[in-house]
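K.L.:
The chain contents come next:
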Amino acid sequence: MRMNSGRKLMAAAAFAAASLGIAPAHADEIVIGASLPLSGPLAGFGSFQQWGYKRAVDEVNKAGGISIGGTKQMLKLIIRDDKTDPNASASNTETLISRDHVVAMLGSCTPALVNAGALVAERAKKPIVTGCDPLEVFKSVRKWNYAWDLFFSVPELAAAQYKALAEAGVETNKKIAFWHDNGPDGQAVGGQIWPALAKAFGYEVVQNAEFPVDNTQFTSIIAEAKSKGAEVVLVDAITPQAIAVRKQMASAGYTPKVLNMEKGAEPVQFAEALGKLSDGVLVGGYWDPSFPYPGAADLAKAFESETKLTSSQHIADSYAAAQILLDAIAAAGSTDAEKINAAIAKTDKTYVVGPIKFDADHTAKLPIVALQWQSGKPVIVWPKAAKTGDLLFPLP
Amino acid sequence: MPDIGVAASTIVSGVLLGGILALTALGLSIVLGVMRLVNLAHGDFLVVGAYAGLFFLKFTGVDPLLGLPVIALIVAALSVPLYRFLLAPLAERGPEARMMTMFAVSIILENVFVLAFSADTRSIELSYATLPLTIGSFSVPLIYVIGFAISVVLILAVHWLISRTGFGRDLRASAADAQAAATLGVDVERVQMLTFALGAACAGVGGALIGAAFQFGPSSGGAYLLNSLAIVVLGGLGNVLGTLVGGVVLGFLQSLGGLALGDGYRDLVGMALFLLVLAFRPDGFLARRSS
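Those protein sequence lines, which keep their order, are chains S and P.
Using numbering that gives the first Met the number 0, read the first sequence as starting at 0 and increasing by one per residue.
Using numbering that gives the first Met the number 0, read the second sequence as starting at 0 and increasing by one per residue.
One should not assume that every hint holds.
[Stated by the list, open to error] Some residues of chain P that are not near chain S, with every Cβ distance over 10 Å (derived):
1. VAL5
2. ALA76
3. ALA156
4. GLY167
5. ASP176
6. ASP266
7. LEU275
8. PHE279
9. ASP282
[To be verified] Where chain S lies over chain P, by a calculated footprint (3+ residues, C-beta under 8 Å):
10. 48-59
11. 116-130
12. 140-147
13. 233-244
14. 248-261
The hints are simulated quantities; they were obtained by calculation from the structure and are not laboratory data.
Note that the Cβ used here is the ideal one computed from N, Cα and C, for glycine as well.
Please model the entire structure based on the sequences and the hints provided.
P.N.:
Structural data, given as structure tokens:
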């Protein structure tokens, strides 16, 4: 009778635990997690990041795992879809920490999603390594203790196209228009940095238009820039909006001489959706398989042979972020969050994206290039030292 | 203050776009009128139409605007099992059960799109879809003009179907009083199924037009559902020609909002108008003139 009661109690406890979603942790597994935009407007980024994270984890597992306290342990990567929603990014991070018992995390993409998750990780004192969050925006959120970011510097990226145009010596009427979304990076780049740099590079700002991140109609904005004769247009928008803008520019009969579409023109789906209309569109970049860093060319080849898709620079920062975290866990020789965090701080190594050493703000800056879509492929057109092709000018 | 060319181009573009959106709203309106169902998956039917247009072009090489009848049939055919197996059994459970069912269908469809087609943003690439129609400083996208013309023709065709045919008579009878119509021999369930399929076909055709003019992805349906709801309220529930007027009015006012406040405020103007009409003329602009 007693045994029966005991069994019943144990069964009830097991049922309660299962109902709460508390799965027993495997002692021989190191669990790391990530919330990624695998659906929604930013899915174009998330799919590449997922591949980069998985590849880094698979490589370590194939090599036998990581030694923790003298015992080799395999890695388990749990990825949850945040659907391009900052609230989901935060709740996914909560779940990964409380239910999946991750020892550390990898970040999402764009400031809104990364910062939402990083704030939760910070509160829980779990280390998180991320790319895909411009450094100045990342730093502006708070003084981070457990979050680490490797990405580009916004002022450097914002200046890249001006420098590329100056270096190429292209001739325009120097009238420039800015169209940017009202997200944190859109406001920083399009609202402040681009206009400030325009004067320094001798441009006359004829329009500065802001729109909601998910805006779909750009008729008035395009008509105004056209009527004001802007020959250089710089856009900061996510991919669906960048595609909409490019199509609507063409159907409005507006072809400036230079068109740069920051952020949205990065993933290959931009070129796939637009076909020939993507030719000549510029976008800032921070990685290319031609970069002289160990494993750069191989990484792109591996992606393309596995997926049969054109690679994106997002495979590189995600792959490097995961490698940095895994190296730190190995260096710590422990799954203790404090020890892993301390090991991340000591990172000083050249990864596929270049040399990584975090500064006091927990950021590591990646080099910048100017890319241009040419026949469906991104070509580096600036700086001279990294060029893989000549600037296509004017915009076809 | 924008110059006259910019203002005229923006307003005419808005009116033409409103006409295209009216076609998608028409599907929502007739389903709402006959079945008392706010079809929350209507935007997803539109996305099905856009994907159908994309793959129609890819696999046949034929312009999807020429294949609109096929696309309409595909989307309508896909909607029939949804009605038969999900909505028909809930006929006696009140409108809420059906509405929530379609909400669930919407979520499932979005996930199916992601699994089947990836979450990438797509666009139907047609050479003329990015050509402008220009007269001096006045310019509108050619695809808007084509889409508007197709939309008007189809809306008039649906109007004819509803006002001049036996099916239309049954549909109107079912909309007015389903129980009385059934008593008089109308097969209300069949009428509802065909109405649901017709609504889906309208959304599908609208989706193909929108896919050619703009871009779309698995989660694009939500935004178009909101616009369609606003048009239905403006035009009056179940009023076919009112839907066209509602679309044009919404497009016109959204364009004015875009000109005055910036393109980012188009939806704000649309939704503010939606609430105002709902508050002061809940039966729509044309309520007194329509039956």
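K.L.:
Report holds if the minimum CB distance from P/ASP266 to chain S is greater than 10 Å, and violated otherwise.
P.N.:
violated, 8 Å
K.L.:
Are all beta-carbon distances from P/ALA156 to chain S longer than 10 Å?
P.N.:
holds, 27 Å
K.L.:
Are 3 or more residues of the stretch 48-59 of chain P near chain S, judged by a Cβ distance of less than 8 Å?
P.N.:
violated (count 0)
K.L.:
Is the nearest Cβ of chain S still more than 10 Å from the Cβ of P/ASP282?
P.N.:
P/ASP282 clear of chain S: closest Cβ-Cβ about 28 Å, beyond 10 Å.
K.L.:
Verify this for me: three or more residues of the stretch 140-147 of chain P with a beta carbon less than 8 Å from a beta carbon of chain S.
P.N.:
holds (count 4)
K.L.:
Are all beta-carbon distances from P/ALA76 to chain S longer than 10 Å?
P.N.:
Fine: 26 Å to the nearest Cβ keeps P/ALA76 off the interface.
K.L.:
With a Cβ-Cβ cutoff of 8 Å, does the stretch 116-130 of chain P contain at least three residues near chain S?
P.N.:
holds (count 10)
K.L.:
Three residues minimum, CB to CB under 8 Å: does the stretch 233-244 of chain P make the cut for coverage by chain S? Let me know.
P.N.:
Coverage by chain S is violated for the stretch 233-244 of chain P (0 residues, Cβ < 8 Å).
K.L.:
Count the residues of the stretch 248-261 of chain P with a beta-carbon closer than 8 Å to any beta-carbon of chain S: does the count reach three?
P.N.:
holds (count 5)
K.L.:
Was P/LEU275 rightly flagged as not at the interface, with every chain S Cβ beyond 10 Å?
P.N.:
holds, 21 Å
K.L.:
Determine whether the non-interface label on P/VAL5 survives the test: each CB of chain S must be over 10 Å from its CB.
P.N.:
violated, 4 Å
K.L.:
Is the Cβ of P/PHE279 more than 10 Å away from each Cβ in chain S?
P.N.:
About 26 Å separates P/PHE279 from the closest Cβ of chain S, which puts it past 10 Å; holds.
Violated hints, listed in ascending order, are 1, 6, 10 and 13; each of the other numbered hints is respected by the structure.
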